[in-house]
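Chains Y, X, S and G are the protein sequences, given in the same order. Everything in the first sequence is counted per this note's numbering, starting at 1 for the first residue and increasing by one. Everything in the second sequence is counted per this note's numbering, starting at 1 for the first residue and increasing by one. Everything in the third sequence is counted per this note's numbering, starting at 1 for the first residue and increasing by one. Everything in the fourth sequence is counted per this note's numbering, starting at 1 for the first residue and increasing by one.
Because the hints were derived from the structure by calculation, they are not lab data. Any given hint might turn out to be false.
Which copy is meant is left open, because identical chains are indistinguishable; a pair holds if it fits in one copy or across any two.
When the alpha-carbon atoms are kept at most 27 Å apart in a straight line, the in silico DSS-like pairs for lysine-lysine are as follows [claimed, not checked]:
1) 4 <-> 80
2) 165 <-> 185
3) 47 <-> 138
4) 71 <-> 165
5) 80 <-> 47
6) 5 <-> 97
Protein chains: 4
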Amino acid sequence: MADKKTEILLTAEELFAEKGFDGTSVRDIAQHAGVNLAMISYYFGSKEKLLEALIEYRSGYTFDTLEELNKDQSLNPWDKIDRLVDFYVEKIISNNKFHNIISVHSGQLSSPEIRELITKMKLRNLEQIRKIIQDGQKKKFFRKVDIEFTMGSVMGTISQLTLLKNFYCSLLNIDKTDEEVYRKKVIVRLKTHLKQLLRAHLDIRNEA
Amino acid sequence: MADKKTEILLTAEELFAEKGFDGTSVRDIAQHAGVNLAMISYYFGSKEKLLEALIEYRSGYTFDTLEELNKDQSLNPWDKIDRLVDFYVEKIISNNKFHNIISVHSGQLSSPEIRELITKMKLRNLEQIRKIIQDGQKKKFFRKVDIEFTMGSVMGTISQLTLLKNFYCSLLNIDKTDEEVYRKKVIVRLKTHLKQLLRAHLDIRNEA
Amino acid sequence: MADKKTEILLTAEELFAEKGFDGTSVRDIAQHAGVNLAMISYYFGSKEKLLEALIEYRSGYTFDTLEELNKDQSLNPWDKIDRLVDFYVEKIISNNKFHNIISVHSGQLSSPEIRELITKMKLRNLEQIRKIIQDGQKKKFFRKVDIEFTMGSVMGTISQLTLLKNFYCSLLNIDKTDEEVYRKKVIVRLKTHLKQLLRAHLDIRNEA
Amino acid sequence: MADKKTEILLTAEELFAEKGFDGTSVRDIAQHAGVNLAMISYYFGSKEKLLEALIEYRSGYTFDTLEELNKDQSLNPWDKIDRLVDFYVEKIISNNKFHNIISVHSGQLSSPEIRELITKMKLRNLEQIRKIIQDGQKKKFFRKVDIEFTMGSVMGTISQLTLLKNFYCSLLNIDKTDEEVYRKKVIVRLKTHLKQLLRAHLDIRNEA
DNA sequence: CATGAATGAGGGTTCATTCAT
DNA sequence: AATGAATGAACCCTCATTCAT
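Generate the whole structure from the sequences, applying the supplied hints.
This is the structure we're talking about:
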């Protein structure tokens with residue numbers, strides 16, 4: 001690993017996800033990353049700034065993808081919903097460590113700076129999704145729904161799977177230790193479920 | 001407050017939800033609860049045992065309610081779904097502090113004992129819900145769906161609202177500080193959304 | 001055990017010997033003795049007073065035995081030495097727990113009251129032994145020796161065996177856990193050694 | 001004092017001897033050594049590891065000296081015994097603090113690691129002494145004796161003097177506070193006594 | 001630029017003791 | 001006479017951070 005800064009970020013992500021922000025000591029991070037303890041303060045200023053750096057490091061990609069999907073004229077609204085589900089499921093499941101950190105720290109815990117950062121990021125992304133759904137409504141594919149809460153359902157469903165991994169392993173009889181099997185089984189089933197859910201929920205023919 | 005043990009539990013719930021388990025010191029709890037520092041170890045044995053006690057303290061009611069709802073012969077499956085949504089939305093939103101703690105600690109962080117406890121509790125509750133949906137399917141009200149993930153969507157949606165309270169306050173233009181207004185606005189909208197979502201998702205007439 | 005006070009004393013002896021005075025908590029004692037925690041303070045005043053009570057409880061017998069041995073006109077000086085060795089070896093080995101406590105607490109640690117108590121007790125006993133040796137010298141059985149240090153050698157030898165029990169188990173290939181075997185093997189060998197040692201040391205015919 | 005690590009060790013030795021291991025707090029040590037409290041954990045890892053470090057710090061010298069004495073061809077067995085006595089009396093009396101710690105912690109108290117460490121050290125040293133005595137027996141200077149217990153008598157005698165310093169001060173009318181006077185008086189008398197004792201005990205002409 | 005040494009603050013826990021009953 | 005509840009003090013240890021080199 002050439003870049004020590006990146007190495008620290010990735011190690012921090014791993015440990016924050018595993019033991020929480022408060023539960024992870026900078027000593028842990030330094031040791032696992034194989035760098036000097038003082039280097040973390042030296043590079044990032046503080047433990048909290050390290051978390052901020054991690055969030056920014058991971059946030060860029062999502063927005064670009066959503067914006068592109070939104071602009072794509074070749075896809076009809078249903079295709080876009082499918083793509084959206086595929087994208088988010090893949091993203092959250094494979095980045096589940098980072099996603100858990102975000103889930104946990106968007107709440108009351110963590111500093112206002114962190115909360116602000118996460119909120120801003122999420123708002124920006126949601127704006128793109130809103131446009132996709134509104135476009136579908138304008139084109140008479142989708143019925144009138146609560147857009148914000150619909151997104152909440154999508155995100156919430158995926159979050160449940162990463163946050164309550166333990167529980168779902170018990171529930172679905174999956175070996176807790178085999179990360180790869182868990183992902184494969186869950187990804188397919190999750191995509192299927194969400195597409196089925198959204199298809200029924202959004203379809204204008206199901207208008208009450 | 002007559003019962004100091006309960007006072008400690010409630011204070012701990014408040015603080016754990018606000019600052020996380022690791023972020024809360026027993027000194028904090030003792031001070032806010034107005035009790036002696038040593039009393040917490042005296043009553044609960046350790047900080048971790050305190051969390052376990054809190055989980056057990058809050059877990060009893062849910063199962064009883066679900067079981068009762070399940071057994072009720074006077075309600076048709078759609079009524080039961082509505083009641084289920086009402087119950088969970090009320091419960092999670094008004095106990096959002098406790099619920100956030102659970103969300104955060106069912107993950108990798110926290111001890112195996114705690115994780116086990118939460119998993120067991122959730123499995124027990126889910127079993128009741130499964131019966132309700134299966135009953136609706138047998139009676140030809142509901143179509144075939146992924147029951148476990150459907151519940152994940154319901155729970156996940158509500159969780160999002162409590163976990164990302166900050167974000168949704170920004171999104172819905174609600175004053176962050178006024179807890180009462182937040183609850184009222186969100187509860188109504190959330191119930192409506194979830195019922196609409198489940199009605200479309202479960203209805204046998206929407207069979208693909 | 002009818003007498004709770006005695007029960008506490010014996011339990012304290014056991015635990016003090018095993019884990020030291022500071023290493024033993026009154027909770028330990030209360031629990032092992034099956035009495036209420038507060039009862040110890042109630043009966044003895046404090047943890048330290050409990051140690052004093054223990055010392056006094058164990059000190060009476062020795063002096064009486066020595067005095068009697070000293071006065072016995074039917075025994076010649078060599079017989080008295082043998083009896084002395086037998087008595088001390090038996091006493092210390094079988095009361096090794098109490099003896100270790102004394103050894104450890106006659107030093108700088110522990111309060112002046114305790115130290116005073118132990119010193120007084122030891123001086124009183126030594127006085128009797130001095131008379132025995134001086135009598136043997138007057139009767140021309142024993143040569144001139146350093147009486148105080150000779151007693152130090154006897155006591156010290158026995159103390160070594162109890163204090164360094166671990167070491168001597170390794171050295172003599174004795175199973176550490178079998179208390180009974182240890183005592184039997186050691187008692188015989190110790191008596192033989194000490195009698196041989198003192199016979200050579202005291203015999204007037206070995207006068208330099 | 002240039003080396004803070006050594007300073008901590010010496011201070012710990014002082015305090016452990018004075019108040020026992022359990023009776024000494026790391027705060028005490030830090031304060032007396034004039035170092036930060038956290039530095040002790042920083043350097044040694046824990047309070048117990050500090051004791052281990054102390055034992056190892058003090059153990060090296062003894063073995064080397066004994067081995068050298070053993071190998072010395074220019075001395076006859078009686079000379080070697082005299083040197084042995086001189087060496088041990090000097091060593092224990094002047095390092096009495098360390099020696100008391102060892103005495104106290106070779107017993108049941110203290111962790112298996114510590115006990116193991118002490119036992120190993122003592123066994124190693126005793127092996128050298130055994131050779132000296134066996135050599136004297138082979139050369140027909142010494143009679144047959146219980147070698148292990150003979151060493152127990154030597155060590156035990158010296159230990160008594162350090163462990164029961166208080167008692168012997170009373171006994172010998174020595175001012176308790178004047179360390180220097182105590183040592184001088186005791187060292188001379190102790191050497192004389194032990195040499196006299198061993199001469200009688202070992203001399204082949206005193207064979208029973 | 002990078003780091004070993006060092007530190008003040010605070011962590012959870014256990015202590016011996018007290019006191020109202 | 002006996003005890004459950006409660007407490008202030010002190011325990012050892014680890015924390016994130018700083019700073020001289």
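Each hint, compared with the structure:
no.: 1; hint: 4 <-> 80; in the structure: neither (38 Å within a copy, 56 Å between copies)
no.: 2; hint: 165 <-> 185; in the structure: within (12 Å within a copy, 31 Å between copies)
no.: 3; hint: 47 <-> 138; in the structure: neither (47 Å within a copy, 55 Å between copies)
no.: 4; hint: 71 <-> 165; in the structure: neither (34 Å within a copy, 30 Å between copies)
no.: 5; hint: 80 <-> 47; in the structure: neither (39 Å within a copy, 48 Å between copies)
no.: 6; hint: 5 <-> 97; in the structure: within (18 Å within a copy, 36 Å between copies)
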